[in-house]
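Working from the sequences, and respecting the hints, build out all of it.
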Amino acid sequence: MSNKEFEQQLQRNLSALPDDIQPERDLWPGIEHALGQTPENSTQKRATGYWGMAAATATIGLMGWLGLSQLPVTSDAEQLAQVLSQQHQQQKQALLASFDGQPALTDNWQQQVDELDGAAAAIKQALKEDPNNPALLRMLQQVYQQQIDLIERVHAPTWQKI
Amino acid sequence: MQTQGQLIEAKEQFAERGLLSLVEAVKQGDRQAYHKLYQMHLGQVYALCYRLTADRALAEDATQEVFIQLWRKLDNYRGDAKFSTWLHSVTSNVCVSYMRKQRGWWQRMFNLESTDAVHEVAEGSAGDVDLDTYIRRLPERARMVFVLHAVEGYRHEEIAQLLDMAVGSSKAQFHRAKQLLSEWMGYE
Chain L
0 MSNKEFEQQL QRNLSALPDD IQPERDLWPG IEHALGQTPE NSTQKRATGY
50 WGMAAATATI GLMGWLGLSQ LPVTSDAEQL AQVLSQQHQQ QKQALLASFD
100 GQPALTDNWQ QQVDELDGAA AAIKQALKED PNNPALLRML QQVYQQQIDL
150 IERVHAPTWQ KI
Chain Y
0 MQTQGQLIEA KEQFAERGLL SLVEAVKQGD RQAYHKLYQM HLGQVYALCY
50 RLTADRALAE DATQEVFIQL WRKLDNYRGD AKFSTWLHSV TSNVCVSYMR
100 KQRGWWQRMF NLESTDAVHE VAEGSAGDVD LDTYIRRLPE RARMVFVLHA
150 VEGYRHEEIA QLLDMAVGSS KAQFHRAKQL LSEWMGYE
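Each protein sequence line maps, in turn, to chains L and Y. The first sequence stops at residue 161 when you use numbering that gives the first Met the number 0, and every number in between is there. The second sequence stops at residue 187 when you use numbering that gives the first Met the number 0, and every number in between is there.
It is possible that some hints are incorrect.
In the EDC-like style, the derived pairs of lysine to aspartate or glutamate whose C-alpha atoms are separated by at most 20 Å in a straight line are [said to hold, decoys possible]:
hint: 1; chain 1: Y; residue 1: K81; chain 2: Y; residue 2: E23
hint: 2; chain 1: Y; residue 1: K35; chain 2: L; residue 2: D25
hint: 3; chain 1: L; residue 1: K3; chain 2: Y; residue 2: E187
hint: 4; chain 1: Y; residue 1: K100; chain 2: L; residue 2: E23
hint: 5; chain 1: Y; residue 1: K35; chain 2: L; residue 2: E114
hint: 6; chain 1: Y; residue 1: K72; chain 2: L; residue 2: D116
hint: 7; chain 1: L; residue 1: K127; chain 2: L; residue 2: D116
hint: 8; chain 1: L; residue 1: K91; chain 2: L; residue 2: D106
hint: 9; chain 1: Y; residue 1: K81; chain 2: L; residue 2: D19
hint: 10; chain 1: L; residue 1: K91; chain 2: L; residue 2: D129
hint: 11; chain 1: Y; residue 1: K170; chain 2: Y; residue 2: E156
These stretches of chain L come out as covered by chain Y in the derived footprint (C-beta under 8 Å, 3 or more residues) [said to hold, decoys possible]:
hint: 12; segment: 27 to 35
hint: 13; segment: 84 to 98
hint: 14; segment: 102 to 110
So the derived list for chain L, only partly shown, Cβ under 10 Å to chain Y, looks like this [stated by the list, open to error]:
hint: 15; residue: S1
hint: 16; residue: E6
hint: 17; residue: Q78
hint: 18; residue: L79
It should be emphasised that the hints constitute simulated quantities derived from the structure, not laboratory data. Beta carbons: idealized from backbone N, C-alpha and C, even for Gly.
Below, the structure is given as structure tokens:
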């Protein structure tokens, strides 16, 4: 069949695309919740910001050391991953406690948190098999940071410029 | 005697005037008016977000982000263009920005190409096509360019600016999208 036929068929299909598709879940409660918040009045956000700053400082120090030194021998590399995990768990629990009872913007954020936990577990497993790989440690740190960002974002939406 | 075309035009103008008074109420902080505006445009905003992201959950989050920002930025709407046209532009900008924030690191690191449609499309035939399903199956950059150009009517220069790519890349991605669609629709 010719290119011309394809173009004609494509135009017909484009014209037939629906203008309107409805989401599966109710999005309004999350929006309404966010409308009540402003960047200025969110003490919750400021508090979590301090947490993020403290964790970031600690992590930057840790990762800076990672970048400047040779990767430690196997057992030390595993220890480093453990320290990273413990530090992350503490920060995560404190964050979740501070947002306890506060409605989240999305319903599936827990699922996303779980998926990131799964990714972290996979990286830790890979680290056991390839302990001399600094990229894996950096990936682990980034997955943890992603999780913290996610928890903060769904509970304290930030404003972007349109 | 009025033609049918004139009648439709008059009806549209009347609807647009009603919409503008709703927008004015929202600008004054009327939450109920905003809920009504949301209900009127939810489907159109979500449709665009879903086509751009190809992921229901991400599209839902992006749709929320659009309406959260819209509430604060509605003062920027001066009535120069139709409200729906302006809203499409806002939606494209916010959704692309949201996708960049959400997926940027994750995809770079793991090179993921996850869309809802990856597993839902069988080889098609020319006569029976669900174009939306094929669009969701396209690779991300090709899909975004295709949606913005073919569905939303953006020029390649505008797409290049929005997606932070060269104009030539936008054209190349569009060509790639059409090639894939042609193949899936049984034309190659």
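- [ ] Would you pick out the hints that fail for this structure and give their numbers low to high?
- [x] Hints 4, 5, 6, 10, 13, 17, 18 contradicted; others consistent.
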